[in-house]
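From first to last, the protein sequence lines stand for chains W and D. According to the working numbering, the stretch in the first sequence is residues 1 to 517, in order. According to the working numbering, the stretch in the second sequence is residues 1 to 213, in order.
If you are wondering where the hints come from, they were derived from the structure by calculation, not from laboratory data. For every residue, glycine included, the Cβ atom is placed at its ideal position computed from N, Cα and C. Wrong hints could be hidden among the right ones.
Unchecked claim - Now the in silico label distances, taken between C-beta atoms and shown as ranges:
(1) W:Val-387 / D:Val-126: 57 to 63 Å
(2) W:Pro-17 / D:Ile-132: 46 to 52 Å
(3) D:Ile-65 / W:Ile-338: 51 to 57 Å
(4) W:Phe-53 / D:Phe-170: 30 to 36 Å
(5) W:Gln-133 / D:Val-69: 46 to 52 Å
Chain by chain, the residues:
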Amino acid sequence: MDALFGFLGGLELALQPELLIAAFLGALLGTTVGVLPGLGPIAGAALILPLTFNYSPAVALIMIAGIYLGAQYGGSTTSVLLNIPGDTSAIVATFDGHQMAKKGRAGAALTIMAVGSFIAGTIGLILLIFSAQFVARFAINFGPAEYFAMTAGGLLLLARITGGSLASGLLPMILGIAMATVGMEMATSYFRFTFGNLNLALGFSIATVAVGLYGISELAYMLENKNRDAKPMKVRLRDLPPNKEEWRRSITPWLRGSFIGFGFGLLPVPSATLSTFTSYKIEQSVSKYRKELGTGAVEGIAGPEAANNSAAIGSMVPVLVLGLPFSATLALMLSAMIVQGIQPGPLVMERHPDLFWSVIAAMVIANVMLLVLNIPMVGLWAQVLRVPRHWLIPIIMLVAMIGAFSVTRNQIELWILFVVGIIGYLLRKLQFSLASFLIGLVLGPLIEKYFMQGLFIGRGDLGYFVAGPISITIWSIVGVVFVAGLLLPIYRWVKARRAAARGEVVEVKHAALSEID
Amino acid sequence: MSATPRKSKEAVHDTEVVTESTQAISKVMADALGPNGPSQHSEDEPDNRGPILWHLDSIRLGRVIVGIVSLAVSIGYLMMALDMPQGTGAQPGPGMWPVAVGGAWIVISLIVIGEALFTQQVVGSVDFPKGIYRRDVILYLSATLGFIIALPWLGQYIAAVLYTFVLFKFLSKLPLWRVILNSLIVGIGVSALFIIVLQVRMPKGVILPMLGL
């Protein structure tokens, strides 16, 4: 009941004009960056972050949450209309979404996706409202050892899983953590790695680094995209309603996707993307119409689309309740909390209940706004895809540079923006994962704080960090993931060699040839 | 006359099928063998004798270079960290965490180099843009650099108009008058939105104040 009363109180606050406008702008901007190929929620949140510093913390958090949710709605539009996913979580939507569009059912596909996103968002928010207090109560007794394990261990897991190869996630992660050590050390006021330059005393601004990493490099990617001039199909209002059969077939995949997505959202993995692939795989296994998947089946878009929205909501639990962001966009949300003087963690619910519940309630409102923005206005979003890049790039870049400059009103922010942008572009070209860079930068100071507190409490004994069951469990999982990551390729290689020795490779060749035939 | 083109079309089609088959087999074989498996060599690929660095594809070579640069920077970082007050285990100083980070950074840099040299976890060629796409990316980055350099001297309004002018001129096929009009609208419009409406203080430069603006 506490949760319900808290939520109703938050709803009252969220209906105030300032927060309503923040939710609307977040949803609008999120859908826009989601629709535009090349731009994603991270770039959108990074662009808006410096501009939110002048407003209340709730405005900043609601806008970023709105962008995150809106981008999940909009990301799949290009998958359906252009066969180009707006971001990685929209890749699955190309499998059946574009096939439906080819059959003249683009409008129905977009409606099923928008309604599915709304249903998943609603289910996810209900789960969030009732699970948040439970998680917070559980986490309230955590000490520095548990927090150190969750932040450092979670970051290592995320870097390992998102990176692909071991080095692809770890190098950007350590670069982010090392960048976070630049500037004045808070406990002793000691200047670290500033080279006598007072402009670096406050360290690197997360907003500037995020805009550089994602803004500059994503726009460069947009420019070099060979499909940059592709024109989307037209969607008329009368094409939007799905038929009875399509509605009926969507219901169970929506529900399955919603629960799968929420579960993924709680884990330190790229939840939105993984949940869509898992949901698709499950539809391939359990759906009555599984043989139609890949040819324009409704189940192929309903399940994954619900999953990625629910994952976005689920991933709010660790960030709002534990202060642990498992995606770069949510790292920016955490950064907004820190900049506004709010200590992230389980005490947020207790110390700032108005903020916590108003953000949750505003997400409910944003979810309704997104449904209204996406269904009747889907034709308009298709038109957004027709905006030429020579309009988009100067406008986005001017906003980015003004935003970065406004952080400290210092020219050095623009230089950092540019240099980090070039580094981000090159790292992406070499297939390094940028998400762990930004999350490392945000979590770095927190990891250091918990490390120092742990050493202080444990009187310098490192055994303190693995003294409790929670920290032992987390470090064991980290150990297993890393060891498995090292052993699995060796196991595959040995297995393949044995298979080759038995002549099984010949069979594989035949299988490949028969597939081509 | 008509038989020859059909024949050559068929030949092209056959060649494509063979190429597709070869590629598909290579892919299935590579998948079966896993990322650490022995490399597949076609006739076009160079002989793998001699130093390993000579036979790396561009992504692996790029990652070796990144690893070496990262290693050099991390060693410098660790040396600086060691010069900071370390404190004791129970009373850690400001240098203790950077020492831990520096040590981890060195290890990770070595992993980057080792992974690129001795495994095939990440392979392929770096797809840098070519032709007009490369020109556009270079132009966009150069214009951005130009804006950053010019901002303190020209001020936000003039620098923004010039920046948008360059991007409109080279990224679009609009006539000059439209380019000028658009860059004035975007440059002044976006800057005014932030400076006047949102009260963001941006550099005024030296030209507009001289003109009394």
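**Asked** Would you say the C-beta atoms of Gln-133 of chain W and Val-69 of chain D sit inside 46 to 52 Å of each other?
**Response** Because 48 Å falls inside the window, the suggested range holds.
Legend entry - Beta-carbon spacing of Pro-17 of chain W to Ile-132 of chain D - inside the hinted bounds 46 to 52 Å or not: Given a distance of about 47 Å, which is inside 46 to 52 Å, the answer is holds.
- request: Return holds or violated for the Cβ distance of Ile-65 of chain D and Ile-338 of chain W against the range 51 to 57 Å.
  value: violated, 35 Å
- [ ] Please test the hint of 57 to 63 Å on the beta carbon pair from Val-387 of chain W and Val-126 of chain D.
- [x] Because 30 Å falls outside the window, the suggested range is violated.
Assessment of proposed distance window 30 to 36 Å (beta carbons of Phe-53 of chain W, Phe-170 of chain D) = holds, 34 Å
The earlier numbered hints that this structure contradicts are 1 and 3.
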